[in-house]
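Number of protein chains: 2
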Amino acid sequence: MKLTILFGGASFEHEISIVSAITLKEKLNGFDLNFIFCDQDHTFYSIDAKDMKAKTFSSAKHKKMPVLTLIKGGFSQKKMFSSKEHNSIVLNLIHGADGEDGTIAALLDFYSIKYIGPRVNASVFSYDKRYTKWFCEARGIKSVKYEMLSSDEQKDISIPYPIIIKPSRLGSSIGVSIVKDESQLDYALDTAYEFDKNIIVEPFIENVKEYNVAGFMANGEIHYSIVEEPQKNEFLDFEKKYMDFSRSSQVLKADISDELESKLKKSFSKIYKNMFEGALIRCDFFVVNNEVLLNEINPIPGSMANYLFEDFKGSLEKLSNSLPHSKRAKVNYDYIHSINSAKGK
Amino acid sequence: MKLTILFGGASFEHEISIVSAITLKEKLNGFDLNFIFCDQDHTFYSIDAKDMKAKTFSSAKHKKMPVLTLIKGGFSQKKMFSSKEHNSIVLNLIHGADGEDGTIAALLDFYSIKYIGPRVNASVFSYDKRYTKWFCEARGIKSVKYEMLSSDEQKDISIPYPIIIKPSRLGSSIGVSIVKDESQLDYALDTAYEFDKNIIVEPFIENVKEYNVAGFMANGEIHYSIVEEPQKNEFLDFEKKYMDFSRSSQVLKADISDELESKLKKSFSKIYKNMFEGALIRCDFFVVNNEVLLNEINPIPGSMANYLFEDFKGSLEKLSNSLPHSKRAKVNYDYIHSINSAKGK
Chain A
18 MKLTILFGGA SFEHEISIVS AITLKEKLNG FDLNFIFCDQ DHTFYSIDAK DMKAKTFSSA
78 KHKKMPVLTL IKGGFSQKKM FSSKEHNSIV LNLIHGADGE DGTIAALLDF YSIKYIGPRV
138 NASVFSYDKR YTKWFCEARG IKSVKYEMLS SDEQKDISIP YPIIIKPSRL GSSIGVSIVK
198 DESQLDYALD TAYEFDKNII VEPFIENVKE YNVAGFMANG EIHYSIVEEP QKNEFLDFEK
258 KYMDFSRSSQ VLKADISDEL ESKLKKSFSK IYKNMFEGAL IRCDFFVVNN EVLLNEINPI
318 PGSMANYLFE DFKGSLEKLS NSLPHSKRAK VNYDYIHSIN SAKGK
Chain B
18 MKLTILFGGA SFEHEISIVS AITLKEKLNG FDLNFIFCDQ DHTFYSIDAK DMKAKTFSSA
78 KHKKMPVLTL IKGGFSQKKM FSSKEHNSIV LNLIHGADGE DGTIAALLDF YSIKYIGPRV
138 NASVFSYDKR YTKWFCEARG IKSVKYEMLS SDEQKDISIP YPIIIKPSRL GSSIGVSIVK
198 DESQLDYALD TAYEFDKNII VEPFIENVKE YNVAGFMANG EIHYSIVEEP QKNEFLDFEK
258 KYMDFSRSSQ VLKADISDEL ESKLKKSFSK IYKNMFEGAL IRCDFFVVNN EVLLNEINPI
318 PGSMANYLFE DFKGSLEKLS NSLPHSKRAK VNYDYIHSIN SAKGK
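Protein chains in written order, with this note's numbering: chain A, 18 to 362; chain B, 18 to 362.
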């Protein structure tokens, strides 16, 4: 199968995206892969498979590689007297800003490029944690209770300690702190405000049971991964999560009852349907008092959560064959014609 | 002032956008204007001011005009041995799909082009009426009660007749019907489903008081237009609204109490703040039992609601000088460097 891995982006998770892409190169061994790197200035480069190493990017060697531009149906590389087109299906693997905020989705939609990844609406509802809460409320999906803070206004937090403080729009635990008492609050707020002017506060639930499920829609039904119980110590900090993005060995299925598994899948389906079509997403859930609560939606999970799928390659192929078509409005000039003829023009 | 009017788009409101652009050409007399047309195939053309007539587009004469491509900071026009750049501020005047659904916003953001218009999030929350309802609920903004229907599932409507049926994602009254009793229902549903698989049903409130207010944020405060009481017969159909898009003579202020005016402005502000910065929007309100209800947000109103502003040119200048900057994440390679040095590479 032909597939173009698009990675990088002007994002705090830029490095994570590089690690993800390198991991997928190994996991998708046998696929006919292209690699396109989006640098922090939004220039696209075609990267040869042999150069898919972290050092290529950290040493800026990528700047010597062929520049690509977006054209209808794909990316184009200018040659002396011709051009080469990359027009296979794109896997959007840009984590964080650009990739998960709807920008890349809109670009690919506009240029009629088929892609795996969340569409614009789905991106908006998963990238900013405020909007994920709105989405949950509207759809009746249970999640952890929360309060919002903004750098614009002074407001007290009414959730009792311990609490967890997160920038509204970042993943990978960047800027996140657990605050056990008031003495730690100011530092945690400052840290989070460095990344976002909006902050979300939630109760920190000690020893909460946590389960992750990934999945995607193909041929009208959701294909679920195994359910994983992630190991953790309090919560994964950036460095640990970073390592997590290069995971490639399959994990063991969580030892849970059929009832809980079906509850988790039901929640996943409620989140996915009529929103995330075209994407392979991972949902991270908490279970509190036998109730499933959504913690986070990862619309472009690290290394595509390959380690949760028994047949990862087969899964991507299935999804690729079932991508949504955007129905584009047909334009006509009936009204202009009718007005012109009324005017006798 | 230099300004680039971007219009057209692959949208059911394509023609309306052309009319809007022609109207603005007149209203912005004295500005240094460029016109860029996006055709239904997503090709950009540079249109000379003298060709800004409906016939240029309905007769496909635009296809002979210079093609533009997006580059960092603007649009580029290839010449024989050089290229010409259009890099003034863009006014996004594409109504409906492309312009109001977040696509154009994402494109302009990605290429670091400054623009007047809703950003991606604001587009998602105003383009699809379902998400506008979620937004209202989350922000405590009152709106008309509603039910959603989808072509996927059979569901009864519990709102008593008369009702109004609208496709979830179109403006300009396209596909909208008033249904007075059950005998008219099927036809109205079929009409709406032609345009969208999701439909919104609301009670039709006869002789409801309707008021429109436009405005924008500049220098940290909202600048409001006058409040208009639109004339109407039941509701504006497409043809009437179409004519409405070419309005250019200033309207009279609605004869309302100071109290109601301040209520309307307060609602506008609740909608606008922390969402629509960068855009000039028009909100259409109903007043029922002395309560202000949001009917619709127009994030790119027809001909920019010029007729509601006493000093329209001055308003656009103020807004242009106060456009939001998107803070782009600075990329560094600290983790890759630290991992490589730990590995001894």
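A couple of the hints might just be wrong.
A pair holds if it fits inside one copy or across any two, identical chains being indistinguishable in the list.
Claimed, not checked - Here are the simulated lysine-lysine pairs, DSSO-like style, with alpha carbons at most 30 angstroms apart:
{"id": "1", "residue 1": "Lys80", "residue 2": "Lys347"}
{"id": "2", "residue 1": "Lys214", "residue 2": "Lys172"}
{"id": "3", "residue 1": "Lys226", "residue 2": "Lys81"}
{"id": "4", "residue 1": "Lys162", "residue 2": "Lys283"}
{"id": "5", "residue 1": "Lys78", "residue 2": "Lys89"}
{"id": "6", "residue 1": "Lys270", "residue 2": "Lys72"}
Hints are computed from structural coordinates only; laboratory data are not their basis.
Remember, it's a predicted structure, so these values are computed and weren't measured experimentally.
So, against the hints stated earlier in the document, which numbers end up violated here? Violated hints (numbers, rising): 3 and 6; every other hint is consistent with the structure.
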